[in-house]
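Q: Line by line, the protein sequences give chains U and H. Every letter in the first sequence is one number past the one before it in full-length UniProt numbering, and letter 156, counting from 1, is 156. Every letter in the second sequence is one number past the one before it in full-length UniProt numbering, and letter 604, counting from 1, is 604.
Treat the hints as calculated values from the structure; they're not laboratory data. Check before you lean on any hint, since a few could be wrong.
Here are the simulated lysine-lysine pairs, DSS-like style, with alpha carbons at most 25 Å apart [claimed, not checked]: (1) Lys222/U with Lys235/U; (2) Lys591/H with Lys232/U; (3) Lys724/U with Lys629/U; (4) Lys235/H with Lys232/U; (5) Lys222/H with Lys232/U; (6) Lys235/H with Lys365/U; (7) Lys235/H with Lys249/U; (8) Lys739/H with Lys235/U; (9) Lys249/U with Lys222/H; (10) Lys249/U with Lys249/H; (11) Lys143/U with Lys222/U.
Far from chain H, by Cβ distances over 12 Å, these chain U residues were calculated [what the hints assert, rightly or not]: (12) Asp579; (13) Gln598; (14) Lys629.
Simulated restraints on C-beta separations [stated by the list, open to error]: (15) Thr319/H with Gly302/U: 25 to 35 Å; (16) Glu411/H with Asp274/U: 29 to 39 Å; (17) Trp243/U with Thr319/H: 35 to 45 Å.
Bear in mind the structure is a predicted one, so any value in this text is a computation, not a measurement. Cβ coordinates follow ideal geometry from the N, Cα and C atoms, glycine included.
Protein chains: 2
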Amino acid sequence: MVLNKRITIQTACFFYMLFFSIAVFAQQPADFVNPFIGTSNYGAAFPGPIAPRGMASISPFNVAGSQNKLEKDSQWLSNPYVKENTFLTGFSQVNLSGVGCPELGVILLMPTTGAVEINHLTYGSTYSNEVAKAAYYSVNIDKYNVKAEFTASKRAGVSKFTFPKGKSNVLLNLGLGLTNEEGAMVKVVSPSEIEGMRSVGSFCYNSPEAAYPVYFVAKFSKPADQFGVWKKPSKYEGTEAQWMTYNGKARMMENTTKMVVGDSIGTYFSYQFDKEETVEVKIGVSYVSIENARENLEKETGNKSFEAVYKETYDEWNTELSKILVEGGSTEGKTIFYTALYHTLIHPNTLNDYNGEYPEIKRGKVGTTKNTRYTVFSLWDTYRNLHQLMALAYPQQQSDMVKSMLEMYDENGWLPKWELNATETFTMVGDPASIVIADTYLKGIRDFDVQKAYGAMLKGADQVENNPLRPGLKEYIEKGYLSTNHRGPVSTTQEYNASDYSIALLAKALGKKEDEKRFKNRSLSYRKLFDKNLKLLRPRTADGKWYEPFDPVAGANFEENIGFIEGNAWQYAFMVPHDIRGLIQLMGGEKAFSSQLQKVFDSKQFDMANEPDIAYPYLFNYIKGDEWKSQEMVQKLVRNYFQNQPKGLPGNDDTGTMSAWLVYSMMGIYPIAPGDPVYTITTPMFDKITIQLDSKYYKNKSIVIEREKNTDGKIKTIELDGKKLPGYFISHDDFVNGKTLKVIQN
Amino acid sequence: MVLNKRITIQTACFFYMLFFSIAVFAQQPADFVNPFIGTSNYGAAFPGPIAPRGMASISPFNVAGSQNKLEKDSQWLSNPYVKENTFLTGFSQVNLSGVGCPELGVILLMPTTGAVEINHLTYGSTYSNEVAKAAYYSVNIDKYNVKAEFTASKRAGVSKFTFPKGKSNVLLNLGLGLTNEEGAMVKVVSPSEIEGMRSVGSFCYNSPEAAYPVYFVAKFSKPADQFGVWKKPSKYEGTEAQWMTYNGKARMMENTTKMVVGDSIGTYFSYQFDKEETVEVKIGVSYVSIENARENLEKETGNKSFEAVYKETYDEWNTELSKILVEGGSTEGKTIFYTALYHTLIHPNTLNDYNGEYPEIKRGKVGTTKNTRYTVFSLWDTYRNLHQLMALAYPQQQSDMVKSMLEMYDENGWLPKWELNATETFTMVGDPASIVIADTYLKGIRDFDVQKAYGAMLKGADQVENNPLRPGLKEYIEKGYLSTNHRGPVSTTQEYNASDYSIALLAKALGKKEDEKRFKNRSLSYRKLFDKNLKLLRPRTADGKWYEPFDPVAGANFEENIGFIEGNAWQYAFMVPHDIRGLIQLMGGEKAFSSQLQKVFDSKQFDMANEPDIAYPYLFNYIKGDEWKSQEMVQKLVRNYFQNQPKGLPGNDDTGTMSAWLVYSMMGIYPIAPGDPVYTITTPMFDKITIQLDSKYYKNKSIVIEREKNTDGKIKTIELDGKKLPGYFISHDDFVNGKTLKVIQN
């Protein structure tokens, strides 16, 4: 039931529909999605339409041009859209959400009027009346008085431009983009079709040799009256430049249907309208071929109207988001909850085409999958909570994600680390795939080849030479830690420990006792970096001495730090989720631990915007009597950092990791120890939460979380199906096999 | 019979074949071809293999790198190869022959050994042991001790590299090229196949918006052990540059099979050989599509060996060149004759693919032809003699050339002026297509739509506004000449006059008396530019006054000149081939005319290297008693300017125009008045010349030209089939309907 949201599209029956729908229909989960959340404060979300785990998406592109507050070329900027900016230069057709590095944000569509102008700084415009919701975005482009509306299917973006009378143009700019990779090819197939490719890559300014193409086919609802390709070549110098009157100048190749390549090229389709007219542009994309992009376009959007595509994608969003139904709580709360859940359903996203083909990782070969092949595995982030959320509410997707990771192992010999569109960016540290796979298996999602997975995990954990996943592994195995000869040695040791612990857990489940013991032991080696005086983890040099000078505070806010990655000693002090009880002992008991943990928050060392410490608010649950501190802290953090506004994310969403934290936190449970199928519990922020369970993986149809007093009050006891829990933890099995988890408040 | 030329290839049976063949077989016409002629002195020929009127050709590329005497970026250079140069950077797969502007000379194949090096200034090498003959070129590449051999079919080049033991590479450089157009796409399809395109265009640094793609598919006889694509991106500046450690650096994309685009890209195919090994690379090209390039390759070279392709193309050359058999004369004479004839059979060349598809002119659409669609119409040059030679000895080709011109009219609305691979470069002045068409029709080659042709000619001659062929036409019609408001007004007036005369001739043949009269009148309007005092043509200003200051000598050697195009008043003084008798009157009679004509030569104003005056040596034939001067002058010019050596052309071959001059001159006849089917006669340079006549167009099987005394001696009388001619002229009809034209010497 989407009627009450479709009113902005179907303006003709605006009033009738408005009253009718408000009177009859309740708001659906998808109606609570506010895509503007995370479009400021470096959240790096984009407000345009995307289908659940879509390959294609459309974002307004407003980060070029110095009139913008945040300009893409003047600083490190990872997103195609910033809410505070004001100057729009197009609508990019492939985008990443919530990442920390520039990539994609290319194939820019832009409606203009009057003479064709190809310089984005000239044809760009201010804009107004932005509307963003699940599967829909619209805006008025001030300079041209054009209304632009957008929706998307999984592999195609659909744009609809309403032009005033007169000369109108649709530009497709293949030069401008967020990625620093350049180069494109384009061919006008007919006055209503364009095909081409854009080279993208160099995520985080890494691995330029892994640049790769995104192919596209664009179909226009009306054939152009005139069309052409522009090309701005590089500039010659020296003698030749004297003869080239066109040196360095953009050229307009009118009417050409030949293939054109270059770093700065684009097409223009022009119309002469004698009244207000709309033009729809459907753009299918593919990472395999132009043919596949065309098939994606045809199969998904074929002869469908803009409205039909929108309705299908809206319905899909509603279906997905309805897997978790929340009742009670404020509209504001539901908005941030469902928007967060929406954000967790963007990445990992679909890589395979409609026909199942996809580019194999690092090999350039074309594979074929019968499942969904997923991509964009920001595993250093997502191993902590996002995959756990998928395993619970979207187990089929999580299963396909594991299968995708195993396909990568087959193709490339290694599990992924930070995979992006079939390239391995090797961004961040650690070996997080093992944690995700163990976690998935131990939650009962087992329809993948676990023996292969286990072999892959062992390879990453044991192959000392030429191991791209675990640099420094030899020293780690020999000494139990990485010395300062390696990058972020303390953080990396902690990450390896966490992975080793997951391997131990899976080894146990598979009856491999030797491995279990060996990896359990390895997982505790962080203890050698524990400085008893500071009660913090601290880097050691290669000869085993503490690294000097040591400032436990240095390294916050992404400063470089000799021991840590994106954090300091305080932010990493408790990041041993698999051995909190061991850490309690190291720190001198529960009281000392709780006091040290509190110090993280009191001294403002806690960083909500980055992953290492995001589970810390829940760690008070390990200290009997201090659990209220977790409840209080989680509520405070949600209040302070998550709001229904563009800056309503604490920072980079990290492909949904921050959002997954919010979803879990608002449900009152949190996967406290990645790999270990256990949740810790805090006060839910809705009266009733119903998680639909997939019958393929779970015996019950759903599990309900309830709070007794329908407030945010402190917890007295917790009951599962009427039986009191001994503490603030519940295993995944107990949870999904129960009917109701009731939080009874004071 | 190619045995005596094949010995350098089939080295195994070298000695046996050598003696066998010399003993048994005489040299065939193709054996006299020396492709090095015209590779110095700006002849702009290339020494590598090409089939008759081939689309593909291979040229050693030695014009990059400052160690070369003539470097492509340091001066205006129109050819991929210069004999004096020494530094080779590859072998280009599409090339123009004998043109005056840089274009094509791209898709550079280069064998190297050792580590892959992608900078041509580093991987380039000196070379030795060049061998060039019809359909074959070979060279040793000094730096790598690699023997490189080349041959070509009509649409594919075939390269054969003999590598020493060790690591070997075949580079395909898509960045480097003679054209200033940039941009390429490449995709490694498999370890033995590459497909892609290179953007070319901007002939004479004109019309950059008409840049167009040449597509290619390369197949290797051995799959590469390693392969990859390199890409050298442009350099970022500013803030971003700090983050891009790879900024501006070439990157090696190992093993990639994805599409790569960029201005400076290429592929490397590497081998590890444990003994001497050969690799053959076949490269099919197309101006339509990659698919067509692949089909061209398959259909023409399929499973054929290098030797088989060579033999086929050699045989084809021999068949073509045998259309004119010469006997007597020196080997040197036969060499320059058959090499010249070879040069006339390169352009216009084939544009259509094996399946008949070709790019339509200026429209980017794909057309299909059942004939041959020709391209590279340098008509300002070739209207003077090359097409006349084709009409005589290769009438089917000339017919297809006219049909190609009419197709262009259908496609584009205009006859071609200087057409190049389906672009109209508008190089040079005049409206020469009309002359070629009239000349062809009047010679009895009439299997084309003459009514359409006539209509096309009238459109070019009469449409006053928006006429791309005849700028300034309004003034020309009103005043009879172009004033100095227009470029090269005197030259252009002369060109328009010549075209108008041809239209008059065709009008007469078609019974269009009014038109005949009108255009005959128009064709004489150059007379208004005749300055009686100077006895020269001279520019007038828009108000009708003589342009001042006027220096009749200025403008030689391609200096700018207000009145003339690529020449001065002396060089244009007699360029009214249709009205020499009128000019004689203007100049004050035969004696004055002859004296003035002699002055052109005596004052060294005659330029053998450019077209306007190349018929002048024959003009003494118009003066009774002075005909010996033509005989003497022609012989002297041949001696001085045409030799069996690289500098053996007077300058740019102008797509065979200089060579056609030589062919006619050595046969002792010359098409003195383009459009008018008449030859003037001088002493033949062979004892006997047999021109095979195509039975489709001519009733006799052949026509023979003989000289009585088998010397270069002066002519006493001329007989056709025993009947004395009244003068030194013979109509085309009389000539081809005769059996023997005998020149009887003193």
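Q: Would you mind marking each hint as holding or not holding in the structure?
A: Okay, the hints, checked on the actual structure:
Between Lys222/U and Lys235/U, the direct Cα distance comes to roughly 36 Å. Violation of the 25 Å bound is thereby established for this hinted pair. At most 25 Å may separate the alpha-carbon atoms for a hinted pair to count; Lys591/H and Lys232/U exceed this at roughly 60 Å. A hinted pair counts as satisfied when its Cα atoms are at most 25 Å apart, and Lys724/U with Lys629/U qualifies at roughly 21 Å. Between the alpha carbons of Lys235/H and Lys232/U the distance comes to roughly 15 Å, so the proposed pair stays at or under 25 Å and holds.
Of the pairs offered as hints, the one joining Lys222/H and Lys232/U is violated, with about 39 Å between alpha carbons and a cut-off of 25 Å exceeded. With a C-alpha separation of about 30 Å, the suggested pairing of Lys235/H with Lys365/U is violated against the 25 Å cut-off. Between Lys235/H and Lys249/U the CA atoms are separated by roughly 17 Å; this keeps the pair inside 25 Å, and the hint holds. Taken as a hint, the Lys739/H and Lys235/U pair is broken in the structure, with Cα atoms around 61 Å apart against an allowance of 25 Å.
Simply put, Lys249/U and Lys222/H have alpha-carbon atoms about 43 Å apart, too far for the 25 Å limit, and the pair is violated. Proposed proximity of Lys249/U and Lys249/H is supported: the alpha carbons are some 24 Å apart, at most 25 Å. A distance of roughly 23 Å separates the Cα atoms of Lys143/U and Lys222/U; the hinted pair therefore holds under the 25 Å criterion. Every beta carbon of chain H lies more than 12 Å from that of Asp579/U, the smallest distance being close to 37 Å; the non-interface claim holds.
The beta carbon of Gln598/U is kept farther than 12 Å from every beta carbon of chain H, the shortest such distance being approximately 38 Å. Here Lys629/U stays apart from chain H, with its beta-carbon at least about 41 Å from theirs, past the 12 Å limit. The given range of 25 to 35 Å is broken by Thr319/H and Gly302/U, whose C-beta atoms sit roughly 55 Å from each other. Between Glu411/H and Asp274/U, the C-beta spacing of about 30 Å keeps the proposed range 29 to 39 Å intact.
At about 41 Å, the CB distance of Trp243/U to Thr319/H agrees with the hint of 35 to 45 Å.
Hints 1, 2, 5, 6, 8, 9 and 15 from the earlier list are contradicted by this structure; the remaining hints agree with it.
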